[in-house]
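Just so you know, the protein sequences line up as chains A, B and C, in that order. For the first sequence, counting from 1, position 65 maps to 88 in my numbering; every step adds exactly one. For the second sequence, counting from 1, position 5 maps to 102 in my numbering; every step adds exactly one. For the third sequence, counting from 1, position 82 maps to 103 in my numbering; every step adds exactly one.
Treat the hints as calculated values from the structure; they're not laboratory data. Certain hints may be false.
[Stated by the list, open to error] Below 25 angstroms or equal to it, Euclidean Cα-Cα: the simulated BS3-like pairs (lysine-lysine) are:
1) C:76 to C:186
2) B:224 to A:75
3) C:314 to A:113
4) B:247 to A:208
5) C:76 to A:270
6) A:110 to C:76
7) C:193 to A:264
8) A:110 to B:224
9) B:224 to A:143
10) C:186 to A:270
11) B:224 to A:130
12) A:75 to B:247
13) B:150 to A:208
14) B:247 to A:148
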Amino acid sequence: MITRRELLKYAVGVAGLAAPLTALEMINPKKLLAGKSGPSKVRWVFLVDTYKCVGCGLCVKACKNENEIPYDANVTRTWVERYVLTKDGKLFADTPKGARDGFTTNKIDLGLGKYQDIKKEDIRKAFFVPKLCNQCENPPCVQVCPVGATYQAPDGVVLVDRTWCIGCGYCIMACPYGARFFHPKYHTAEKCNFCYHRISKGMQTACVEACPFGARRIGNIKDPNDPVARIIMTERVGILKSEYGTKPQVYYIGLDEEVR
Amino acid sequence: MGNHVFRPLFVVIGIIILILIARSFYVPHDFGVHERGYMYGWYREGNIEDWKKVQVKYQGRDYCKDCHSDKYESIMRSPHAIIQCENCHGPAVDHPANPPKLTIDRSRQLCLRCHYPLPYPTSGRAKIRGIDPDRHNRDFECSTCHNPHKPNLSIR
Amino acid sequence: MVHGEVWTLKELFVTPNEYIYWGIQIVMYPFMTGLVAGAFVLSSLYHVFGIKELKDIARFALVFSFALLFAAPVPIILHLQHPFRGINVMMTPHFTSAIAAFGIVFFSYGAIVASELWFLYRKHFVETAQALREKQDKSRFEWIGYFIFCTLTLGVYDISEGALKRDEKAIKVLAGFGIPVACFLHGYAGFIFGSVKANALWMTPLMPVIFIMSAVVSGIALCMLTYIVTMELRKMFVSRQKAQYAGYQSKEKIKSVEIHVIQMTAKYLLFFLILAISLELLDLIFRGYTAVKSWDVLRSVIYGRDFTDIFILQYGLGNLVPFILFLLPKLTLRRTVVGVILVLFGVFMMRYNVVIGGQAFSLTFAGYMHYHMPIIPHDIETLKEGFFGAVGIFIMPFVLFWVFSKIFPIFNYKESH
């Protein structure tokens, strides 16, 4: 037996979501309800410990191989940034080739073939920050896709339908984190999807597995016994660019104000 | 004679009907609104399965353990135990069926990813011992002298 | 090679996936839609507000708007990585995206302009179809023309006084409807940029309004330019075949009509130009005054790297110079031509500075990207998203205009009412 209140909620919900568009048969209300069979028990989140990252870039290498991103193409689903703050208050940062080959020089890549040498005694703080898609709770990239080729799966991961993407690039523009790019082979929008083919089989993502130092971890925030979820819930963690209201789901330990 | 003013409107309605008919043939049937609503969940449901079907390439050290148990055991006793086999040996995919032989990365660049000294405070990198690649036996592969599976400086 | 890598140069701290993904074709897109909207607004000034002086240019502007309409979506299609999937926008539109509205808005706008043209030229269609029907032993060419014009009548052959009165009323209603739709068509092009919260330069609610104002400016300017050029060509034509046309229209008569219309239209151009510049300056001042986090990098782009593009080419050459040219008394034809060309250039530079300027800095706010438009094409990508692609888009409406003028006679068309 449903109460009147529930019925009202139900009616308003269905009408609000479907009514204005059913006229054009854009949305099938039956399908809408079928999808609501119950909220997903999984919500994938990521945890990065910037203290542990040494900038070896093995995660980037593994990611490119695992996800078939042409190895020499200058785009990548995940990358590592180096931040060096000097004692005179300057910030130097780079990510040569997305750190695919790690950081094997102390010279900062300034682009256009220029490099900056920084002496050890001038460094105030310096660290590495791995980056990947934040699988935002409110993904702006999905909001702006004109054709429904990118979407948020029930477990929170944002995926791209390579058979439906028209390649307009609006999602690339809308992402505040620079996580998206055009796949050099498929010419569709491409992004990190937490190695969806691996996590859905109970495996770790390629980058998590490749990281020798445990700087990267993936977990399920809806499981209270998940070690990653417990850290995010009980310890001090930060997120990137909260001002955009995207609610990113990659959490960072040891984030600095200078991290962009 | 009726009012001709609405003729263009009929044409427009005709075109709209044609588009809607074309749409019903063109759009896959599992395309619709899913769990996250119209804003974030407007997609073709079959695509989730497409992504799940992608082939796994990196199998993890447990995949290597049984056949290469000697190597596995020696590296697991060393500080390099934290490094996955495939980071240097390449993704196993369906090895030994495919590929039958893995290509090992023996380059100095690979070792330098960690062992190029970067004295960055608040980063784990500062704690790793490193060498100056320009001065330290620059024309040799590291594995000429160091065994990556037993890297405790007891030269091979 | 990754899309965008050919024309992007990175400097300082830029994340690996950042390139100038939206190149010259995305500059052309708002430029061309702006021309569509502007031309339509110009024609509506006569039809809706009854500004009699614009009667002559109004009909012209409407046909030109129709020609531009077909050219407007082509830049987007050339830009798409999968052009053949472009139809997906109509098939599974996702209306939370500004681009998804494209199909609907574009289609309804096209329907309005086409209907308006139909009412405007219905009499001509009927007369031509009837004349061709009565003609004995038609050539193959005439048969084709007969079928085209028969289709264009949509089966209505009533051109009585009463029917034509109703046509006129319908035009007025459609033109009235058309103004908000034209503004929406272009305002939403502004919304595409203005709503990207990730882009510090683009994100402002003023963007759609600025786009509409500059759209009207550019649309009027292009109509004036094309009007002057076609009139001049006709003048040459008339003076060459004077004997034939002498009794019909004299060279002097054309000229007097022309300068009068031009002076009147120039007033409207100035009015919208002032609105556009005020809004753009308001946006700039506001950004400097509030100076939020992104201002440091924006300032270095606006006042540093893009100074020539913004202040010299766009505001100086594209706005200030034509402004003075139009304000000086005794406006001549030659000065108008120079003025409108500069205005068109100014609006193009404004689109360029928004689209490319918005991608001139990195998401990190600590790096820059330089755009080098491909000129000599060496593959299909640098052809369609390079100089020649852009020029092709710009030429396209003129070719279409010529084709349409065969069906819709723009000049020498005597109205019965």
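Against the structure, the hints:
1. C:76 to C:186: holds, 17 angstroms
2. B:224 to A:75: Distance of about 10 angstroms is within 25 angstroms: holds.
3. C:314 to A:113: The given pair, whose Cα atoms are some 17 angstroms apart, holds under the 25 angstroms limit.
4. B:247 to A:208: Given that 25 angstroms is the threshold and the Cα spacing comes to 40 angstroms, the pair is violated.
5. C:76 to A:270: violated, 55 angstroms
6. A:110 to C:76: violated, 71 angstroms
7. C:193 to A:264: violated, 51 angstroms
8. A:110 to B:224: Holds: residue 110 of chain A and residue 224 of chain B sit about 21 angstroms apart, inside 25 angstroms.
9. B:224 to A:143: Holds - the C-alpha atoms of residue 143 of chain A and residue 224 of chain B are around 15 angstroms apart, at most 25 angstroms.
10. C:186 to A:270: Status violated; Cα separation ~59 angstroms.
11. B:224 to A:130: Cα-Cα ~19 angstroms, so holds.
12. A:75 to B:247: holds, 23 angstroms
13. B:150 to A:208: holds, 19 angstroms
14. B:247 to A:148: violated, 33 angstroms
Violated hints, in rising order: 4, 5, 6, 7, 10 and 14; the structure is consistent with all others.
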